[in-house]
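Below are the chains, spelled out letter by letter.
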Amino acid sequence: MTQARAFVLSEELGEPGRPPSAQGTGSPVPGGRKLSLVERVTHVRLTGRHARWGRRLSTIMVLVGALVIWEILAAAQVFPKVALPTPVAVWDSFKLTATKGYLNKTMGQDVAYSVVRVAAGFVGAVVLGVPIGLLMAESKFVHRVIDPFLQLGRPVPPLAYIPLFVVWFGLGELPKVLLILVGTIPIMIISTIGGVRNIPAQRYEVARCLGAKRRQLFLNVTLPSTLPEVFTGMKVGIGIAWTCLVAAELIAASVGLGWLVEQAATQLQTGIVIAGIIVIGVLGYLMELGIRLLERVLIPWRGHG
Amino acid sequence: MAVLSLRQVTLRYGDSGPDARPAVLDRVDVDVAEQEFVTILGPSGCGKTSLLRLVAGFERPTGGSIVFDGKEVTGPSSQRVVVFQQPWLYPWLSLRENVAFGLKLQQRRVDWKRVDDMIATVGLSGYEKHPPYHLSGGMQQRAALARALVMEPKLLLMDEPFGALDAQTRQRLQEFLLDLWTRVDVTVVFITHDVEEAILLGDRMLIMSTSPGRIALEQKIDIPRPRSEETTLSAPFQEIRKRALATLGRVSISAAGITGTGDDGSVGAAPDDETSTETSMETSVDGREVVVGVSSNEAWSARGPGAQ
Ligand SMILES: Nc1ncnc2c1ncn2[C@@H]1O[C@H](COP(=O)(O)OP(=O)(O)O)[C@@H](O)[C@H]1O
Ligand SMILES: [Mg+2]
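Heads up: the protein sequence lines correspond to chains A and B, in order. Start counting the first sequence at 11; every next residue gets the next number (my numbering). Start counting the second sequence at 271; every next residue gets the next number (my numbering).
All the given hints hold, so there is nothing to weed out.
Partner residues are not named here, just some residues of chain A that face chain B (Cβ under 10 Å, in silico):
1. E215
2. L220
3. V231
4. G315
Hints are computed from structural coordinates only; laboratory data are not their basis. Here a beta-carbon is modelled for each residue, glycine too, at the ideal position from N, C-alpha and C.
Bound-form chain A, shown alone (with noise of 0.2 Å):
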């Protein structure tokens, strides 16, 4: 349970302890944010609408720098040309390998390959790893069986699976399916565990005396209680999920994003090097957001009591 914790607690995944909300729960009072850069740049105090617009406002202006920064050492050549591409010279890398592709596969190709793996082990780390999370969480029996695996193998950084998966299963899909779905699969199984032992006595005992027996307290308590620190797993474990992938890919693959960053690489196609990075940056951020959307429309509730 310790151990849970300590790996589900980072700083941004927000709350997974938090205390039931003090009374009177109203409208959740503003102020106690932190200012924007737009903000702090024009010191006009943003709200509501217009805040998350100067957010993202901020986002777009700290890019858009970034990328006039790299252009400018780029153009000075600072650094040797194969070394750091101008921002316009990768787009045209991307673009090429988009059209007319690269080593014979498009960038769409790589993209739809790496999308499917790493959709195909992250589902099927929830969908297995949360239904363990709650039998352990539920029996002391099933916990004792499988915790000295989760222990023993959480340790072990997934890539060290690579080359025993490929001796099993080859160079074909299931063993990089099967290297996302077994790195991905702690951090579910450990966050469900945590979301039910973190569930108020009293949300058990409301239902209890109002009659409510073993397989509905499950039900219509453990189960939606659960739900928040799922998600939370959900969003550490995507990021997992893309680590695993692209190590599978950089080893042991014939085409994907892994494979195209490699091997445009070793022939110091550095423009294509870094639009695939940018790419997998892109790819995972939207399948957070992703999750996290899907959690707005299925937890609404998060955060309150």
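With chain A fixed as given, assemble chain B with the ligands onto it according to the hints.
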């Protein structure tokens, strides 16, 4: 006829044996008649919640017996519903679904009219679709009350249900409960650490002493109903209040070992006592971490409302 009887109920947390912790409740006898409103008053940490949890069936007594409606209490039942200090509504359910929660557990088809009538009874019509976190603390507590009452329980157990609310909301809810009480048929055991609340609401008040928790005073409250906040100013109310404060002062002080006052049942109603007892109540009402009593080997500390 008593609908609830506790006989020689003793509760000790943790293991028995040589290093057992002192009993939280020691041979407590309580009888509650049908349709009676009993308030239990005592300093924080004296075992009020423990007593209520025993009656609710969440906990089993170490000794003695608890008989409800002719049967020994062995576990929770929807005939004995608890309203906690916090409302504990489920945030993923709307107000209406929260109130219907108990009915849904029992029936395939929920009698929604019954649910909506109960929501109207507690004055929350129009908020049915809202999630609980859109409601104020007082409204949430009324919703929790509706969720309990819609089950038509024989016994309603309330554990400092207004203890976490601000003074104004608390006063409104007390008057609301007084009024509601005239309209629903239910026996109530109401726990509080607020003297006025205990007298204002109850037909009978039991005052508990600390470590071990016992019934130190049983006080009939003959003040006629309907009662309101005005009632607290009446002479009979003040009379009972004075006696209650004296008893509370005695049980807290004797528990703290400041005086050697034994458990002889004498009620020292000396007027001089009143100031000091007032102060001792104030500290516990505050809800801060305070030591209310010290036994020879252990300090008993009371947690604030939020920690209970
Ligand atoms: N589950 C528990 N395990 C051990 N001790 C407990 C438990 N619940 C309460 N106690 C102790 O029993 C005493 C009475 O507590 P409680 O019934 O909550 O008092 P009250 O409700 O009057 O404030 C306190 O000293 C408290 O620390
Ligand atoms: Mg209590």
